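Put together the whole structure using the sequences plus the hints.
Protein chains in written order, with our numbering: chain C, 573 to 890; chain Z, 90 to 444; chain W, 5 to 339.
Derived from the structure by calculation, the hints contain no laboratory data. The structure presented is a predicted model; accordingly, all values stated were derived computationally and were not measured. Check the hints yourself; a few may be wrong.
Stated by the list, open to error - Dumping the calculated DSS-like pairs for lysine-lysine here, alpha-carbon to alpha-carbon at most 30 Å:
1. Lys102/W <-> Lys363/Z
2. Lys163/Z <-> Lys717/C
3. Lys111/Z <-> Lys290/Z
4. Lys247/Z <-> Lys111/Z
5. Lys247/Z <-> Lys363/Z
6. Lys102/W <-> Lys163/Z
7. Lys102/W <-> Lys247/Z
These are the residues of each chain, in order.
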Amino acid sequence: MMEQATGGYRGVWRRLRRNPMGMIGLAMLVTAIGVALLAPWLSPYDPNAIIRVTILDIYQSPSPAHWLGTDDAGRDVLTNFLYGARVSLTVGFFASFIAVSIGGLLGLSAGFLGGRTEGVLMRFTDIMLVIPDLPLAVVIVALTKPSLTNIILVIGLLGWTGTARLVRAQTMSVKQRKFVLRARAVGAGNRYIMHRHIFPLVLPLMVVNTVLVISLAILNESTLSFLGLGDPATLSWGQMLNYAFTRGAMSAGAWWALIPPGFGIVWVVLACTLLGQGLEQALNPRLLTHHLAADRTLTSHRRLQPAPTSEGATPGNR
Amino acid sequence: MILCIRVDESQLVHRSVYLANKIAWAAFTILFVIVLNFFLFRILPGDPARAGVRDPRLTAEAQAAIRTRFGLDKPVINCFTSLNPLEPGDCAVNPLDTQFFIYAGNLLRGEFGISYHTNRPVVEVLGERLWNTLLLIGAGQILAIVLGMALGILAAWKARTPVDYGALGFSLLAWSLPTFWLGIILLFWGSTYLGLPVGGKSTPGINYANTWEELVDLARHLFLPSLTYTIVFLGEYMLIMRSSLVDVLAEDYILTAKAKGLNHFQILKDHALKNAMLPMVTIIALNLGFTVAGAVQIESVFSWPGLGGAIYEAVNRRDYPMLQGAFLLLAVSVIVANLIAELLYGYLDPRVGVE
Amino acid sequence: MPHAILDRPPLLEVSHLDVDYVDPPHPPAAALRGITFTLQRGEALGIVGESGCGKSTLMLTLLRLLPAAGRIVAGSVRLDGVELLDLDARAMAALRWKRIAMIFQGAMNALNPVRTVGEQIAEAIRRHEDVTNRRALDRRVSELLDLVGIAASRREQYPFQYSGGMRQRAMIAMALACSPDIVIADEPTTALDVMIQAQILQLLADLRRQLQLSILLVTHDLGIVAELCDRVLVMYGGVMAEYADADTIYNGAAHPYTQALLQAFPDPTQPAQKLAAIPGAPPRLTDLPPGCRFTPRCPHVFARCHTAQPPLYAVTPAHQASCFRAETTSGGAHA
Ligand SMILES: Nc1ncnc2c1ncn2[C@@H]1O[C@H](COP(=O)(O)OP(=O)(O)OP(=O)(O)O)[C@@H](O)[C@H]1O
Ligand SMILES: [Mg+2]
Numbered sequence: 573m574m575e576q577a578t579g580g581y582r583g584v585w586r587r588l589r590r591n592p593m594g595m596i597g598l599a600m601l602v603t604a605i606g607v608a609l610l611a612p613w614l615s616p617y618d619p620n621a622i623i624r625v626t627i628l629d630i631y632q633s634p635s636p637a638h639w640l641g642t643d644d645a646g647r648d649v650l651t652n653f654l655y656g657a658r659v660s661l662t663v664g665f666f667a668s669f670i671a672v673s674i675g676g677l678l679g680l681s682a683g684f685l686g687g688r689t690e691g692v693l694m695r696f697t698d699i700m701l702v703i704p705d706l707p708l709a710v711v712i713v714a715l716t717k718p719s720l721t722n723i724i725l726v727i728g729l730l731g732w733t734g735t736a737r738l739v740r741a742q743t744m745s746v747k748q749r750k751f752v753l754r755a756r757a758v759g760a761g762n763r764y765i766m767h768r769h770i771f772p773l774v775l776p777l778m779v780v781n782t783v784l785v786i787s788l789a790i791l792n793e794s795t796l797s798f799l800g801l802g803d804p805a806t807l808s809w810g811q812m813l814n815y816a817f818t819r820g821a822m823s824a825g826a827w828w829a830l831i832p833p834g835f836g837i838v839w840v841v842l843a844c845t846l847l848g849q850g851l852e853q854a855l856n857p858r859l860l861t862h863h864l865a866a867d868r869t870l871t872s873h874r875r876l877q878p879a880p881t882s883e884g885a886t887p888g889n890r
Numbered sequence: 090m091i092l093c094i095r096v097d098e099s100q101l102v103h104r105s106v107y108l109a110n111k112i113a114w115a116a117f118t119i120l121f122v123i124v125l126n127f128f129l130f131r132i133l134p135g136d137p138a139r140a141g142v143r144d145p146r147l148t149a150e151a152q153a154a155i156r157t158r159f160g161l162d163k164p165v166i167n168c169f170t171s172l173n174p175l176e177p178g179d180c181a182v183n184p185l186d187t188q189f190f191i192y193a194g195n196l197l198r199g200e201f202g203i204s205y206h207t208n209r210p211v212v213e214v215l216g217e218r219l220w221n222t223l224l225l226i227g228a229g230q231i232l233a234i235v236l237g238m239a240l241g242i243l244a245a246w247k248a249r250t251p252v253d254y255g256a257l258g259f260s261l262l263a264w265s266l267p268t269f270w271l272g273i274i275l276l277f278w279g280s281t282y283l284g285l286p287v288g289g290k291s292t293p294g295i296n297y298a299n300t301w302e303e304l305v306d307l308a309r310h311l312f313l314p315s316l317t318y319t320i321v322f323l324g325e326y327m328l329i330m331r332s333s334l335v336d337v338l339a340e341d342y343i344l345t346a347k348a349k350g351l352n353h354f355q356i357l358k359d360h361a362l363k364n365a366m367l368p369m370v371t372i373i374a375l376n377l378g379f380t381v382a383g384a385v386q387i388e389s390v391f392s393w394p395g396l397g398g399a400i401y402e403a404v405n406r407r408d409y410p411m412l413q414g415a416f417l418l419l420a421v422s423v424i425v426a427n428l429i430a431e432l433l434y435g436y437l438d439p440r441v442g443v444e
Numbered sequence: 005m006p007h008a009i010l011d012r013p014p015l016l017e018v019s020h021l022d023v024d025y026v027d028p029p030h031p032p033a034a035a036l037r038g039i040t041f042t043l044q045r046g047e048a049l050g051i052v053g054e055s056g057c058g059k060s061t062l063m064l065t066l067l068r069l070l071p072a073a074g075r076i077v078a079g080s081v082r083l084d085g086v087e088l089l090d091l092d093a094r095a096m097a098a099l100r101w102k103r104i105a106m107i108f109q110g111a112m113n114a115l116n117p118v119r120t121v122g123e124q125i126a127e128a129i130r131r132h133e134d135v136t137n138r139r140a141l142d143r144r145v146s147e148l149l150d151l152v153g154i155a156a157s158r159r160e161q162y163p164f165q166y167s168g169g170m171r172q173r174a175m176i177a178m179a180l181a182c183s184p185d186i187v188i189a190d191e192p193t194t195a196l197d198v199m200i201q202a203q204i205l206q207l208l209a210d211l212r213r214q215l216q217l218s219i220l221l222v223t224h225d226l227g228i229v230a231e232l233c234d235r236v237l238v239m240y241g242g243v244m245a246e247y248a249d250a251d252t253i254y255n256g257a258a259h260p261y262t263q264a265l266l267q268a269f270p271d272p273t274q275p276a277q278k279l280a281a282i283p284g285a286p287p288r289l290t291d292l293p294p295g296c297r298f299t300p301r302c303p304h305v306f307a308r309c310h311t312a313q314p315p316l317y318a319v320t321p322a323h324q325a326s327c328f329r330a331e332t333t334s335g336g337a338h339a
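As structure tokens, then:
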């Protein structure tokens with residue numbers, strides 16, 4: 573079983589490597605992680621240095637000294653931008669880890685145990701699914717101290733519903749497979765079946781889902797920060813946009829304070845989205861079977877006479 | 090209309106059961122939100138009632154009024170005098186004499202409290218703003234659904250051709266754009282190059298000569314926010330429409346339709362669209378939460394006087410009654426809209442409630 | 005009877021048909037090779053073979069309804085002398101259902117779940133005939149439903165309100181809507197229970213006589229063929245194994261595959277048994293054995309069988325088999 577699973581993963585990787593969307597996404601994500609890790613070496617300035625600013629330093633347009641200009645406090649936008657990648661990715665990874673763990677656990681239990689447990693868990697999931705996430709997150713963060721930990725917790729604790737539904741559906745379908753039924757018939761216990769048979773087949777789906785949840789978490793973090801609920805101690809891309817937007821970048825025409833942070837968010841979110849799509853296609857490659865597409869290929873070059881087969885097996889007497 | 094379906098009587102019984110079920114479930118969810126809304130504000134540090142008693146913006150009489158209205162001298166609920174800090178209390182008190190039931194009673198009477206910032210009843214403020222939000226979401230949502238479906242149909246029909254790949258690329262990009270950032274960029278562009286207003290719903294201090302002028306002014310204010318909204322949701326609806334239509338087009342009954350000699354247009358119109366619409370309705374319903382999230386961001390950027398904007402302002406002004414009220418109203422709107430979508434689904438699919 | 009039929013010009017003439025399924029990085033799969041047969045007016049031809057031997061592919065090719073991966077690489081399909089494979093898309097669409105209608109394999113999903121059965125039948129009539137009057141159209145639909153034994157009042161119902169057998173009847177009514185010359189029935193009775201199967205087949209037999217239909221009947225089931233068909237085409241792995249009238253097939257099969265089928269299925273008057281007893285598995289199209297495709301399972305293999313796919317040999321003028329053992333009894337290859 574494990575053997576088979578690794579072979580399966582290798583197959584997925586082979587298909588992913590041939591999938592342009594997935595590979596572009598992966599490359600973009602690796603770049604972003606690289607930038608986040610290397611921020612101290614890449615940045616021209618120290619983001620925490622105390623600087624003296626005059627009115628002339630505020631919203632300076634791009635120059636050799638400040639490639640992306642300066643912001644409302646006279647700080648270097650490029651430096652903030654590079655360090656901002658750390659915040660976004662941290663929130664993305666940790667929050668999605670929490671969300672996928674909760675959603676995975678609930679989905680697996682609901683799908684595997686069935687019956688009452690499933691009913692209750694899925695009803696709860698349905699309720700959480702209808703309650704709008706963002707306003708709820710805003711309310712909770714506004715009522716607590718806005719800190720990076722709180723933001724991660726709130727996004728993680730609210731973002732599991734989609735995963736739960738997905739994992740439940742997959743668990744239920746795996747549960748019906750022959751080898752699981754057979755394992756049960758020979759008396760394997762619940763834990764054993766879950767561990768050896770079900771989890772390995774649900775895991776790939778959860779990986780794909782994690783990638784997509786990361787992108788949602790990053791979007792949510794930036795939105796909360798933009799709304800003024802970010803951690804004052806760290807400067808995320810959302811917060812850069814909040815400062816720029818509320819402190820006159822628009823009227824100053826300071827596009828350099830508005831474009832780069834948004835570009836960063838789009839870059840990371842798009843990377844995850846592309847990677848997720850690519851992974852999804854690599855996991856279950858599908859032929860296009862739709863009936864209207866068929867008409868595009870039908871009129872091909874057709875020979876009216878039978879093809880001569882090798883060794884003259886078709887004697888041409890009529 | 091392709092959407093109209095005849096149902097016979099035996100089915101109507103099943104269908105009314107289906108409807109009753111959905112309505113009961115929505116009611117239960119609303120109840121859950123009300124309870125959540127109460128306890129969230131009691132457990133987390135910023136309780137609007139308790140904060141209000143100390144808020145310097147309110148007069149002494151107003152503070153006293155809050156004290157009695159929220160029953161602050163009473164226990165939060167049976168067994169607990171207070172939840173933050175946690176103080177166990179008497180379990181034998183009359184439940185009606187607790188803060189929770191006073192809160193529930195106030196809600197029933199439509200009392201959401203007084204906004205700290207404006208000193209007006211929250212219901213009144215939200216009542217005005219609800220319509221603005223509906224106007225914005227309505228305009229953006231209709232455009233996004235119509236355009237998204239059209240593009241989705243095109244992409245599905247031309248699946249795996251450059252048209253399809255182009256539409257797919259656009260949708261993925263649109264999906265990845267933070268709504269508020271797209272809003273900022275469009276606002277920057279529109280106000281600089283198109284001379285459009287930078288925010289609000291109308292030009293302040295203007296006296297309209299006639300209704301037409303007023304409408305034009307409204308349209309100029311509505312244009313950028315609803316454009317933002319449309320772009321953000323267009324891609325998503327396109328993707329959903331595309332994938333559900335691609336699935337439908339692979340069904341056997343499409344082959345039957347083709348074998349009957351129908352052309353692509355007839356097949357799409359008479360056989361594919363209605364079936365493809367079903368998942369579309371479900372997903373639009375599931376996405377209503379995102380719709381609201383979009384509204385919060387867009388209204389914040391464009392200072393649009395709606396519910397989402399109310400949340401933003403309430404957060405920045407620490408106006409807790411407003412925040413609590415706006416959240417409750419948004420959540421209830423989503424639940425109701427979701428219910429409507431489910432009823433619509435029941436109407437579209439003749440099989441609903443039968444198996 | 006078959007001999008008398010043979011002398012008239014055929015209604016449908018299929019010759020040397022080759023079809024591939026392509027899946028780009030992989031080489032194309034040879035789904036059909038050298039399929040050649042004729043169908044006379046009023047004739048019922050049975051197409052028999054194991055699952056995956058290309059029966060549905062052949063039927064879809066006749067209507068040019070192959071899925072996107074399908075390619076007609078060679079051959080010709082003539083209806084009343086007109087080459088169907090050369091028609092433009094519009095002409096082909098105008099001909100579908102009007103001349104050749106099809107009852108699909110698994111009619112469970114062949115009807116649109118969200119439109120009433122009546123609408124779906126009426127639609128076919130409206131497409132091909134100038135019936136605009138609603139009353140007239142309703143009357144036609146009612147007549148058709150009546151013909152297949154469905155109460156006209158159920159016209160307004162949806163497919164999910166029908167039982168499996170009724171859906172198949174509705175499908176037959178739909179196929180007859182434009183009075184086609186040929187009805188293709190692709191395993192019309194799979195997934196139905198035995199009683200219903202018998203009823204549906206009886207219905208087809210009655211309608212055929214009543215309306216003088218030509219029928220192409222695809223099935224796994226030799227019993228059905230014995231009851232309904234004049235001639236039989238046995239297929240194996242995308243090629244013709246044997247082609248002859250029904251009596252000859254049952255009493256003097258020349259191809260070892262046909263013989264095996266008959267042994268696996270001893271009593272052709274007992275329908276509804278599945279062919280399961282032939283040892284070995286049918287060939288995979290992407291991994292064909294060299295030589296005759298039946299060699300891995302054939303009890304009579306000799307050296308030559310591994311060198312080439314045998315052509316169709318005429319055992320008698322009206323009996324062809326693609327087996328080297330048939331060569332000795334015939335004058336040479338037919339094709
Ligand atoms: N869209 C497709 N792409 C690739 N291969 C296909 C496709 N459709 C069918 N095939 C292959 O072509 C072969 C013939 O399939 P076909 O459906 O014609 O068989 P059949 O005789 O109708 O079988 P059954 O009795 O199960 O209906 C099979 O090996 C099948 O795997
Ligand atoms: Mg078939």
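Hints, verified against the model:
Restraint check for Lys102/W and Lys363/Z: satisfied, since their Cα atoms lie roughly 26 Å apart, inside the 30 Å limit. Of the supplied pair hints, the one linking Lys163/Z and Lys717/C holds, its CA atoms being roughly 27 Å apart against a limit of 30 Å. A distance of roughly 36 Å separates the Cα atoms of Lys111/Z and Lys290/Z; the hinted pair therefore is violated under the 30 Å criterion. Between Lys247/Z and Lys111/Z the alpha-carbon distance is near 37 Å, which puts this suggested pair outside the 30 Å criterion.
The suggested pairing of Lys247/Z with Lys363/Z holds, with an alpha-carbon distance near 19 Å, which does not exceed 30 Å. Taken as a hint, the Lys102/W and Lys163/Z pair is broken in the structure, with Cα atoms around 82 Å apart against an allowance of 30 Å. Proximity of Lys102/W to Lys247/Z is assessed by CA-CA distance (about 28 Å); at most 30 Å being required, the pair is judged to hold.
Checked against the numbered hints given earlier, this structure breaks hints 3, 4 and 6; the rest are met.
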